[in-house]
Each structure stands twice: as C-alpha cells, then as structure tokens.
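Novice: Here are the chains, one letter per residue:
There are 2 protein chains.
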Amino acid sequence: MKARVHVTLKHGVLDPQGKAIAGALASLGFGGVEDVRQGKYLELELAETDAAKAQAAVKAMCEKLLANTVIENYSIELV
Amino acid sequence: MKARVHVTLKHGVLDPQGKAIAGALASLGFGGVEDVRQGKYLELELAETDAAKAQAAVKAMCEKLLANTVIENYSIELV
Chain L
1 MKARVHVTLK
11 HGVLDPQGKA
21 IAGALASLGF
31 GGVEDVRQGK
41 YLELELAETD
51 AAKAQAAVKA
61 MCEKLLANTV
71 IENYSIELV
Chain R
1 MKARVHVTLK
11 HGVLDPQGKA
21 IAGALASLGF
31 GGVEDVRQGK
41 YLELELAETD
51 AAKAQAAVKA
61 MCEKLLANTV
71 IENYSIELV
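Chain order of the listed sequences is L and R. Note that the first sequence covers residues 1 to 79 in this note's numbering. Note that the second sequence covers residues 1 to 79 in this note's numbering.
For the record, the hints were derived by calculation from the structure and aren't laboratory data. Just to be clear, a hint being listed does not mean it is correct.
Treat identical chains as interchangeable: a pair holds within one or across any two.
[Claimed, not checked] Listed next, the in silico DSS-like pairs over lysine-lysine satisfying Cα-Cα at most 30 Å (straight line):
1. K53 with K19
2. K59 with K2
3. K40 with K59
4. K53 with K40
5. K64 with K53
6. K53 with K2
My request is simple: use the sequences and hints to build the entire structure.
Specialist: So, in structure tokens, the structure goes:
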C-alpha cells in the first residue's frame, strides 16, 4: 500500500523559500505570480495492506517525524 | 487561479533524503516502511484566470526553474 503525504506550512507562517522562488520567477520574466508556498511531498511504500491501520501508522509518523505540527499541517492520502 | 505543482525524482534516481527518512522511521520503531521518496510540493497563486494560459505558464516555470528535468518529473494541477 502506498501513502502520499503533503506537509505544508500553516497559514501565517513565513515561507522564505517560497518568497525566493516567487522572486526568481519574477526575475525570469514570469509575471502574475502573486504568491508561492513550498511544501514537502512524500511517497511511502508500506507493507501494511489494511487501509485503516496504514492511515493510523502514517498519522503517527507525521506527528512524530515527518511534520513539525507547531508550524506545519499534513495531509495523508492512501493509494 | 491556483496551481499545485509536484516535483518528484525520476524513477531510478537515488533519493538519499528519502532513504534517511526511511531509516529514521525504522529507528523510531515504525516497521513495514519499504521505501520513502521525497519530492517538492509548490502552491502558486496566479493572477491569470484563463486555465489554458495558466497551464502553459506554469509548465514554462517548471521547465525553466521549478524542476530539474534531467532527474525530476513534475505534474501540474490547476484549482
């Protein structure tokens, strides 16, 4: 079973990396980019075949390691 | 208009960051994680309202800046 995890900065948390990308796009001539936010995307290959157990396991992984829940949100999608 | 861009390493390209995460998960006691691949996730806020033009613009941004197309794939989703 595969899990896709998105880790994004919470609303209101400054994103200097995103700002740098927006600046670079502007200097390359791409106008009309109002904002860029960068997050992380993880694909996990799990041995677990039960969807509920996999969801619970990945949630625990996010809470403990993959996301800093003080400043980041995460979302889990099983495929 | 908002664009969501996923940038992932091509199949066969080594992903040391993913391997490090897999190792860290294992050492935290999360068994059954067979593989982890880390990618980037970008949210772009665009002034453009025409979907076709926005798609073309984001594709050009990916080719020029956001993705290294030698080793990375990208996918674009407009919302």
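Novice: Could you figure out if K59 and K2 sit no more than 30 Å apart (CA to CA) within one copy, between two copies, both or neither?
Specialist: For K59 and K2, both the intra-copy (14 Å) and inter-copy (27 Å) Cα distances are at most 30 Å.
Novice: 30 Å Cα cut-off: does K40 pair with K59 within a copy, between copies, both or neither?
Specialist: both (15 Å within a copy, 20 Å between copies)
Novice: Checking an output row: K64 and K53, CA cutoff 30 Å. Within, between, both or neither?
Specialist: within (17 Å within a copy, 41 Å between copies)
Novice: Can you give me the call for K53 and K40, within, between, both or neither, at a CA distance of at most 30 Å?
Specialist: Intra 23 Å, inter 26 Å, cutoff 30 Å: intra and inter.
Novice: When Cα atoms must be at most 30 Å apart, do K53 and K2 count as within-copy, between-copy, both, or neither?
Specialist: Only inside one copy: K53 and K2 sit 13 Å apart there, 33 Å across copies, limit 30 Å.
Novice: How would you label the pair K53, K19 (within, between, both, or neither) given a Cα cut-off of 30 Å?
Specialist: between (38 Å within a copy, 23 Å between copies)
Taken one by one, the earlier hints all hold for this structure without exception.
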